[in-house]
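Student: All chains, full assembly: derive it from the sequences and hints.
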Amino acid sequence: MWNLALLLVVLALAVPAARAQQVVGDAIPTSLTGQPGDAGRGRAIVASRNLGLCLLCHSGPIAEERFQGNLAPSLAGAGSRWSEEQLRLRIVDGARLNPDTIMPPYYRTGGLQRVARNFQGKTILSAGQVEDVVAYLATLRD
Amino acid sequence: MMRLRIGLCLASVFVASLALAQGGIDKRRSGYQDMGPSLQKMQDDGTANPGMLFVQLGAQAWATPAGAANKACVDCHGASGATMKGVALRYPAIPEGADTPADLEARINLCRTANQKAAPLPPESRELLSLSAYVAHQSRGQPIAPPDDPRLAPFRERGAALWAARQGQLNLSCAACHDDNAGKKLAGVTIPEAHPTGYPVYRLEWQTLGSLKRRLRNCLVGIRAESYAYDSPEYVMLELFLMERARGMAFEAPAVRP
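Quick note, the sequences are listed as chains V and R, same order. The numbering of the first sequence is the numbering used here, which starts it at 1 and goes up by one. The numbering of the second sequence is the numbering used here, which starts it at 1 and goes up by one.
Keep in mind that the hints are not guaranteed to be accurate.
Just the calculated beta-carbon pair ranges, DEER-fashion [as the list claims (entries may be wrong)]:
| no. | chain 1 | residue 1 | chain 2 | residue 2 | range |
| --- | --- | --- | --- | --- | --- |
| 1 | R | THR190 | V | ASN118 | 20 to 30 Å |
| 2 | V | GLY128 | R | ARG29 | 52 to 62 Å |
| 3 | V | GLY128 | R | PRO120 | 23 to 33 Å |
| 4 | R | TRP206 | V | VAL23 | 42 to 52 Å |
| 5 | V | GLY110 | R | VAL74 | 52 to 62 Å |
| 6 | V | PRO29 | R | PRO122 | 47 to 57 Å |
| 7 | V | THR33 | R | GLY183 | 35 to 45 Å |
| 8 | R | ARG29 | V | ARG141 | 37 to 47 Å |
Beyond 12 Å from chain V on every Cβ pair, some chain R residues (computed) [to be verified]:
| no. | residue |
| --- | --- |
| 9 | LEU53 |
| 10 | ASN115 |
| 11 | GLU127 |
| 12 | ALA145 |
Calculated directly from the structure, the hints in this document are not laboratory data. Ideal Cβ positions, reconstructed from N, Cα and C, are used throughout, including at glycine.
Tutor: This is the structure we're talking about:
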């Protein structure tokens with residue numbers, strides 16, 4: 001019996017591609033990597049069409065990207081509206097705050113249906129990339 | 001000059017029927033209405049629409065005997081494609097003797113195997129697209145009219161459920177974009193309402209004609225979902241749902257899309 005419990009714990013530790021994060025209120029207080037992110041790299045991720053995909057839906061103060069979406073609020077001022085801790089949860093899994101959101105869960109692998117084979121078990125962004133995006137968003141102040 | 005005037009006349013009849021089918025309180029918009037005037041013109045002008053090339057190829061294939069039966073479509077359906085008028089408007093449908101729905105391409109392949117005794121044409125092959133463009137073109141300008149066959153209902157309902165289900169790594173449903181956010185911009189692209197009015201369609205991005213299935217696969221890939229196999233029933237279910245959703249809208253095949 002204990003062995004089974006132990007096995008389950010070991011599995012739970014080994015399986016998730018996205019490490020469990022501590023959600024407190026509407027935020028994730030600690031960095032997913034234990035390190036602060038890099039705002040410059042974060043900006044490139046947000047601007048990228050196949051990595052961040054953010055500008056498909058959002059607009060933002062990234063002038064060189066001409067085609068920006070209007071399905072979602074502008075990212076301008078996101079760092080004034082939210083703390084880094086709050087931004088982190090919104091990127092990791094916005095559905096924790098709004099179950100109906102269309103914003104993709106960037107750092108979650110569970111509860112997804114029919115994920116294409118080449119993306120199975122993978123998060124949209126890595127932990128380090130999430131931290132970079134959070135660091136960039138925090139610089140967007142009104 | 002004469003040809004141009006006939007062309008213009010046909011175009012205005014077509015536009016008028018579009019307006020008729022979509023006028024009044026009907027707020028539905030075909031992807032046609034989301035395109036700029038130059039692409040609309042390309043679609044309307046039979047000499048500029050690259051899809052018409054496939055219609056011509058289809059007319060040839062229609063008259064070419066094939067298979068062990070050495071029969072052509074003309075041998076059963078007549079030399080004029082006019083016998084196919086209205087057919088594309090009511091597919092997918094349940095073929096005689098079958099109990100599951102087939103879309104237009106599958107129906108054409110059924111004639112291939114059962115009547116011509118030939119191998120089915122591969123999905124997205126030039127010949128299959130040409131034949132379906134030729135058949136579909138006979139219904140241009142007419143309102144979409146799914147059959148009132150109660151046996152279709154459960155398949156259509158499953159299509160509606162697929163439409164509403166979130167899927168893929170991006171965790172999006174078809175409805176999230178095409179019902180809830182149609183008309184908005186996804187990056188630079190206006191999200192259409194996803195009406196199947198123009199298929200097979202000449203898509204500039206593909207540089208060729210493609211089926212509705214190919215279009216659905218593009219959206220599945222976009223949300224990083226596993227696409228269904230070309231012969232899987234899921235597409236037919238989605239097509240049934242989409243055709244019912246577009247009931248009464250003017251048929252445009254072969255349409256042009258960006």
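Student: Can you list which hints this structure breaks, lowest number first?
Tutor: Hints 2 and 3 contradicted; others consistent.
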